[in-house]
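Each of the two chains sits in its own frame; use the hints to bring them together as a complex.
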Amino acid sequence: MENSYITFDELKKLYPDEWVLLAEPKMKNTSVLGGIVLYHSKDKKEVCYIGRDKTKDYSTVTIAFAGDLKQYRKLGILKRI
Amino acid sequence: MKVFPFELTNDEDVIIVNASIKRKFKFRLALDTAATHTTIDSNVLYFSGYELKNTKGEREIETSNGIIVVETYDIENLECLGISKTNFEVQVYDFLAHGITSDYDGVVGLNFLKENKFCIDMVKGEITVDS
Chain V
1 MENSYITFDE LKKLYPDEWV LLAEPKMKNT SVLGGIVLYH SKDKKEVCYI
51 GRDKTKDYST VTIAFAGDLK QYRKLGILKR I
Chain D
1 MKVFPFELTN DEDVIIVNAS IKRKFKFRLA LDTAATHTTI DSNVLYFSGY
51 ELKNTKGERE IETSNGIIVV ETYDIENLEC LGISKTNFEV QVYDFLAHGI
101 TSDYDGVVGL NFLKENKFCI DMVKGEITVD S
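Those protein sequence lines, which keep their order, are chains V and D.
For the first sequence, my numbering begins at 1 and goes up steadily by one.
For the second sequence, my numbering begins at 1 and goes up steadily by one.
Chain D extracted, bound-state conformation (with noise of 0.2 angstroms):
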């Protein structure tokens, strides 16, 4: 069981957690257990040696902000909480034309964890993951 300590500062903070492509893009995503599937801004994939007219198409996604449009690609090797996925689909969404500057580059959905037993646990701010 590999555990990841998270820090929660105040009510506006999502759970952070890292991830990197092919073990050498480190980068930060946000947990979501609402997100059925995993989404990358398109300038990380971009930096991390991806082409984005490669993409596989594009699918609907509903957000708590309206119906956004996101386009999909697999991913050689993505890692995160632990968890190593090759050929692993991602949706991919420009976030910095949308006005969405966080510090995290994404969110990480269910799809990647589907897999896996995981425990958040929000009093002792860590997240347990056996894998």
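Extracted from the complex, chain V is given alone in its bound form (with noise of 0.2 angstroms):
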């Protein structure tokens, strides 16, 4: 995969509905703007597990979803028993 630099738009029609293994990510408060692609995939446990050796020479790396993630679920978490 070519490391150059991907916009978050470039990454919507590159990857749609993706999730994307991004380096040296550039973020506005908590959205993504864009990084350098290391990896891609419909299935975002593929991504974290793959993806993982993928990472050692960049400082920063974060994984996006190259969509519009629509909430089918809250989470709720309240308290330890």
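Do not take every clue at face value.
Computed from the model, here is a short list of chain D residues facing chain V with C-beta under 10 angstroms [unchecked claim]:
{"hint": "1", "residue": "Arg23"}
{"hint": "2", "residue": "Phe27"}
{"hint": "3", "residue": "Thr101"}
The calculated lysine-lysine pairs, modelled on DSSO-like cross-linking and capped at a C-alpha distance of 30 angstroms, are [said to hold, decoys possible]:
{"hint": "4", "chain 1": "D", "residue 1": "Lys24", "chain 2": "V", "residue 2": "Lys26"}
{"hint": "5", "chain 1": "V", "residue 1": "Lys56", "chain 2": "D", "residue 2": "Lys85"}
{"hint": "6", "chain 1": "V", "residue 1": "Lys28", "chain 2": "D", "residue 2": "Lys114"}
Think of the hints as simulated: they come from the structure by calculation, not from any bench.
In this text, a Cβ means the ideal position worked out from N, Cα and C, and glycines have one as well.
Right, here's the structure in full:
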């Protein structure tokens, strides 16, 4: 995979509705603006497990969803028993 | 005092904040003042260089969907909202295996925030933290 910076809008066109592992991500608040694509897949677990070994040469990495993720479920963790 | 803006675009949104493990692995957490403890997706924990077999143990958690079992781990360095914790215990749960696919990777709970003064301004859409 070519190591060049890609904007988030380009990511959405190249890898629609995929999880993308990005190196040296640029962020604005909590939104990803772009980064260097290291791996991508429809399966987030695959990105986490295969992507881990691709991050060693970079100072920061993140995983972003290249699309608009609907919130189907709310997580409400309340307290330890 | 540090200020962290957030945006709620509709009634389904939650407050999302940035977090990082070892200042390298950046992810997003939902701010949950109803959560006693901070909880992270196990897939993200593995991605951040941790071996899932090295758990400290299991705990039962009462959630709005019933009781679940989580595992606990000590995180070498966790940063969120300008607060940095070392050797910080987090709860870990396999969100993906349980059908939770969100654009955030867990919740930051009260145990992370308990030593700080913080204010959530819903009108301005910002969190201020005295750290």
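Evaluated hints:
| no. | hint | result |
| --- | --- | --- |
| 1 | Arg23 | holds, 8 angstroms |
| 2 | Phe27 | holds, 6 angstroms |
| 3 | Thr101 | holds, 7 angstroms |
| 4 | D/Lys24 with V/Lys26 | holds, 13 angstroms |
| 5 | V/Lys56 with D/Lys85 | holds, 23 angstroms |
| 6 | V/Lys28 with D/Lys114 | holds, 27 angstroms |
Going down the numbered hints, you'll see the structure goes against none, and every one checks out.
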